[in-house]
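Protein chains in written order, with this note's numbering: chain A, 1 to 98; chain B, 1 to 505; chain C, 1 to 503.
Hints are computed from structural coordinates only; laboratory data are not their basis.
Just to be clear, a hint being listed does not mean it is correct.
[What the hints assert, rightly or not] Simulated crosslink set (EDC-like; lysine to aspartate or glutamate; CA at most 20 angstroms straight-line):
id	chain 1	residue 1	chain 2	residue 2
1	C	Lys482	C	Asp452
2	C	Lys146	A	Asp86
3	B	Lys422	A	Asp86
4	C	Lys413	C	Asp452
[Unchecked claim] Facing chain B, a subset of chain C residues (Cβ under 10 angstroms, in silico):
id	residue
5	Phe45
6	Leu60
7	Leu64
8	Val165
9	Tyr339
No residue lacks a Cβ here, since even glycine has one placed at the ideal position from N, Cα and C.
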Amino acid sequence: MSTLSRDEVARVAALARIDLTPAELDRLAGELDVIVESVARVSEVATPDVPATSHPLPLTNVFRADEPVAPLDRDEVLAQAPAARDGKFLVPQILGEE
Amino acid sequence: MTDLTRMTAAELADRLTARDVTSVEATQAHLDRIAVVEPAVHAYLHVAADEALATAADVDARRAAGEDLHALAGVPIAVKDVVVTRGLPTTAGSRILEGWVPPYDATLVERIKAAGLPILGKTNMDEFAMGSSTEHSGYGNTHNPWDLERIPGGSGGGSAAAVAAYEAPLAIGTDTGGSIRQPAAVTGTVGVKPTYGSVSRYGLIALASSLDQAGPCTRTVLDSALLHELIGGHDPRDSTSLTDPATGYVAAAREGASGDLTGVKVGVIRELQGEGYQPGVLARFEESLTALRGAGAEVVEVSCPSFAYALAAYYLILPAEASSNLAKFDGMRFGLRVEPSEGPVTAERVMAATRGQGFGDEVKRRVILGTYALSAGYYDAYYGSAQKVRTLIQRDFDAAFGAADVLVSPTAPTTAFKLGEKLDDPLAMYLNDVATIPANLAGIPGMSLPNGLSDDGLPVGFQILAPARADARLYRVGAALEALLETSWEGPLLGRAPELAGGAA
Amino acid sequence: MSTTTDVDLVDYDDAVARFDPVIGIEVHVELGTRTKMFDGAEQSFGEEPNTQITPTSLGLPGALPVVNGTAVEYAIRIGLALNCSIAQSCRFARKNYFYPDVPKNFQTSQYDEPIASEGFVDVELEDGTTFRVEIERAHMEEDAGKNTHVGGATGRIHGAEYSLVDYNRAGVPLVEIVTKPITGAGERAPEVARAYVQTLRDMFRALGVSEARMERGNVRADVNVSLRPTPADALGTRTETKNVNSFRSVERAVRYEISRQAAILDAGGTIVQETRHWHEDTGITTAGRVKSDAEDYRYFPEPDLVPIVPDRAWIEEIRAALPELPAARRRRLQGEWGYADAEMRDVVNAGAIELIEATVAAGASPAAARKWWMGELARTAKQQEVELADLPITPAQIGALQQLVDAGRINDKLARQVLEGVLAGEGDPEQVVVARGLEVVSDDGPLLEAIDAALAAQPDIAEKIRGGNLGPVGAIIGAVMKATRGQADAGRVRELVLERVSA
Chain A
1 MSTLSRDEVA
11 RVAALARIDL
21 TPAELDRLAG
31 ELDVIVESVA
41 RVSEVATPDV
51 PATSHPLPLT
61 NVFRADEPVA
71 PLDRDEVLAQ
81 APAARDGKFL
91 VPQILGEE
Chain B
1 MTDLTRMTAA
11 ELADRLTARD
21 VTSVEATQAH
31 LDRIAVVEPA
41 VHAYLHVAAD
51 EALATAADVD
61 ARRAAGEDLH
71 ALAGVPIAVK
81 DVVVTRGLPT
91 TAGSRILEGW
101 VPPYDATLVE
111 RIKAAGLPIL
121 GKTNMDEFAM
131 GSSTEHSGYG
141 NTHNPWDLER
151 IPGGSGGGSA
161 AAVAAYEAPL
171 AIGTDTGGSI
181 RQPAAVTGTV
191 GVKPTYGSVS
201 RYGLIALASS
211 LDQAGPCTRT
221 VLDSALLHEL
231 IGGHDPRDST
241 SLTDPATGYV
251 AAAREGASGD
261 LTGVKVGVIR
271 ELQGEGYQPG
281 VLARFEESLT
291 ALRGAGAEVV
301 EVSCPSFAYA
311 LAAYYLILPA
321 EASSNLAKFD
331 GMRFGLRVEP
341 SEGPVTAERV
351 MAATRGQGFG
361 DEVKRRVILG
371 TYALSAGYYD
381 AYYGSAQKVR
391 TLIQRDFDAA
401 FGAADVLVSP
411 TAPTTAFKLG
421 EKLDDPLAMY
431 LNDVATIPAN
441 LAGIPGMSLP
451 NGLSDDGLPV
461 GFQILAPARA
471 DARLYRVGAA
481 LEALLETSWE
491 GPLLGRAPEL
501 AGGAA
Chain C
1 MSTTTDVDLV
11 DYDDAVARFD
21 PVIGIEVHVE
31 LGTRTKMFDG
41 AEQSFGEEPN
51 TQITPTSLGL
61 PGALPVVNGT
71 AVEYAIRIGL
81 ALNCSIAQSC
91 RFARKNYFYP
101 DVPKNFQTSQ
111 YDEPIASEGF
121 VDVELEDGTT
131 FRVEIERAHM
141 EEDAGKNTHV
151 GGATGRIHGA
161 EYSLVDYNRA
171 GVPLVEIVTK
181 PITGAGERAP
191 EVARAYVQTL
201 RDMFRALGVS
211 EARMERGNVR
221 ADVNVSLRPT
231 PADALGTRTE
241 TKNVNSFRSV
251 ERAVRYEISR
261 QAAILDAGGT
271 IVQETRHWHE
281 DTGITTAGRV
291 KSDAEDYRYF
301 PEPDLVPIVP
311 DRAWIEEIRA
321 ALPELPAARR
331 RRLQGEWGYA
341 DAEMRDVVNA
351 GAIELIEATV
361 AAGASPAAAR
371 KWWMGELART
381 AKQQEVELAD
391 LPITPAQIGA
401 LQQLVDAGRI
411 NDKLARQVLE
421 GVLAGEGDPE
431 QVVVARGLEV
441 VSDDGPLLEA
451 IDAALAAQPD
461 IAEKIRGGNL
471 GPVGAIIGAV
481 MKATRGQADA
491 GRVRELVLER
501 VSA
């Protein structure tokens, strides 16, 4: 099993949108490397004949009727937003937007 | 007058029903207790005194008017801060949610409010329920009432400590890998993780969706049964909610309290004892087995070989699901927003800065681990394999429950360790959950109840596991063991806890 | 945001002469359910921003999704109409990516287990030929919110620009339909692409699963285009042009990409696999921003939702209740109306099927209905540059008009004047007839007077007719019609003229 390099941790942290300081990166790389090595043991018994279990209890077909519920109060929700304007959430500029 | 905070919830409920005391009195007594011991314990992140007293007054008025009330109406309760409460701050122990006031209630909170239980406040926890010591809270440690230098367990250390320190007779916890049961064990209290789907997850800030389950934290088995019946049952807003009615737990607890377990087969899980378990923990476990035999139970040994891989599977499934569940904390719609210290202020960079500053170490560690496990090229080896281990663990449980009605083990390998002791060793910290995790992976119910003190004078927990949807068995066996042990101790274990500064006796 | 046009293009005919285009189309349709895919927030177009939100569609902490059963039924309808097999079991996955209009920072979508797969749809082209498009899959997912970019008015670099986000659309149910690579269309690839999207649009409407209004973004297409030297070669590298939202643009975008890629290949370059943006105004595509992590969506099964295992009896029930689809309906109507293939094709291309159907229902014969809509009215629409359906006249009015003709109360010439009156907003045909005094003169008295006058005015013609030469009788009829300002029934006039001369 591959080990987790500092560069790899930096790549994954970027994918997870988490800024890390260089010190954090150093520490996490060391810790995660040990953890990954430990958890990688799962592949020892995960043979092809074993089916995966994604839900602990096997339910199927849970549907909702197509009936409206009361919406949230917009003012209450926007009051909790970091920034809002004109009834909308104000967010910093989005790169790549037209 | 008797100290209302020392009563069990069932006793308090009876006194309220008999109108011997009012809910305002009971609530105020707990608020007073909170004021006295919180500086030392720090179980609460937010105390909602005014709201709690208002609810209490309302319940008292309705009772006076002859209204038919829920059995627990007027009994105060504490709620873990991972559960959203309309109008009360909800942070999940994270700085990234500091000051957030949810615009809606979790289903279980709706039920608590509808039944008229005053909510005393929100309890401390490891950030987003990631941890086994509550040291990963963004708002400071909670201290174990048995020894303030020690951890109260985690992630629900606040709920367990609040109950243990008589700051609430009832509390809500959530259990993803042991976060109800392990804190119960190290604080000498009772905690139940119901069958997955027994209690609605709607309004629980998700850690790992396929593992999370809310449940009761109390001082007695009967109180847990009462609270489980209140918060359990089908919820159409949670697709994984079971349609089974949440009934029969109280009856099972009352039946078990007779102390008779004739015909009950108890399976001891071979893999959850021995190496790594503190001698005092193992000694109490053996004594409890003797007590069960004495009550007429047949004790057999069962083997669950795949449990050796449970911890590894858990620390892949949990981080993977958490990495996705926690993606919404990005500073765009609610909570903290942090601008990068330099460079352009774009949405992407603000998200990263917000998460970099708002998340604590353990959250960063697990979110990055989970992101990595799901990342292209690794899915099959990690997440896919972990899901297969889950199947193997379910098969082990199926076989074991073919040989026994309930399975038992120590809840945690050790008693409460010192604050800071394992903070720098994540893997050692993870080992605390080795006995509790299998139940979450399989979705089955589990209970921890106190079964004595270890050689260090700290409480030890006894874990009972039952097949999915057979939660009632926990209450029957748990109540029986509780009755037998309390008889031998001549009172509840918590009675042996040291008094906290200013505590009344 | 480059919209430069200084890109080398190969003339389209040259491009398709040298390369074999292969296209693939992904169509997203917003389902017309009352509520969203995973929660009870109402969805309707044009509401105030952020008024159609619940904890779930806003992605608030603690909120959970529950599948809208009606959306599943609609997805199955679409799958069946596309001749797909419906999955025995399928589930949702999370597609993880950070973007402000995606409230949870993941989209709940079907990934490796779509509800419908392996189907086809026959697409009719303008010349009446049919082209079969193979369907890879149709799956369910949720829409994102909408960002409005606000430029910096103050001119400051930092903090001057921002976006405003409205989450009303977040969580609206979508079905995405993905074709297999469409080969063999050759130079007609752009037309096939357009006809395919149009066929789906018509199908969505017929199925009642969506209003399918292109201008509202109910139906959106992503078009993949690649070129290869000959049909025998392996598929070339493709580009994906996103969000092409009108039939005409679909055709133009494919055409543009074929010319653009041909130029690159001709120059010895290679095509970069990338996402491109379509620019409606300039009719070109430009490269999208390349994101390093764009492809790493970290899909995994959505743990908050349980698998969907559609009951076979339910599927058959849905199949039995499927409405007649547009192609089958066209075949049926053509038979009922007795139109020739070419006639039917013109009707289809003119978008006149519904109009003719309603006109026939209003009492006109199919031939008469076609004559009006494809003749006089088609000319008018063309002159005014509007769609037939947008003319200010209803099928019911055309039916009434034709009934006036059939009853002999007006003749064809008068009918055209009545039509003109109706189009001018003068009311129903009956009202126009009365107001303009256009009814045919049915009383013989005034006609006989006019005939006598005409015969007297042209004695030599009268003589010829009396002599048995009926050739010039038209001249007399013409004079009578002129004298009665067209309001006479020409047949009756002829009868009366013959009576008069033989008397």
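Structure-based check of all given hints:
The hinted pair formed by Lys482(C) and Asp452(C) meets the criterion: a straight-line CA distance of about 14 angstroms does not exceed 20 angstroms. With a C-alpha separation of about 14 angstroms, the suggested pairing of Lys146(C) with Asp86(A) holds against the 20 angstroms cut-off. As the CA atoms of Lys422(B) and Asp86(A) are separated by approximately 49 angstroms, the hinted pair breaks the 20 angstroms bound. Between the alpha carbons of Lys413(C) and Asp452(C) the distance comes to roughly 24 angstroms, so the proposed pair goes past 20 angstroms and is violated.
The criterion of a C-beta within 10 angstroms of any C-beta in chain B is not met by Phe45(C), whose closest approach is roughly 23 angstroms, and the hint is violated. This hint holds: Leu60(C) has a C-beta 7 angstroms from the nearest C-beta of chain B, less than the 10 angstroms allowed. Taking 10 angstroms as the C-beta contact cut-off toward chain B, the hint placing Leu64(C) at the interface holds, the least distance being around 5 angstroms. The closest approach between the C-beta of Val165(C) and any C-beta of chain B is roughly 7 angstroms, which is under the 10 angstroms cut-off, so the hint is satisfied.
At its closest, the beta carbon of Tyr339(C) sits 52 angstroms from a beta carbon of chain B; the interface hint therefore is violated under the 10 angstroms criterion.
Consistency note: the structure conflicts with the earlier hints numbered 3, 4, 5 and 9.
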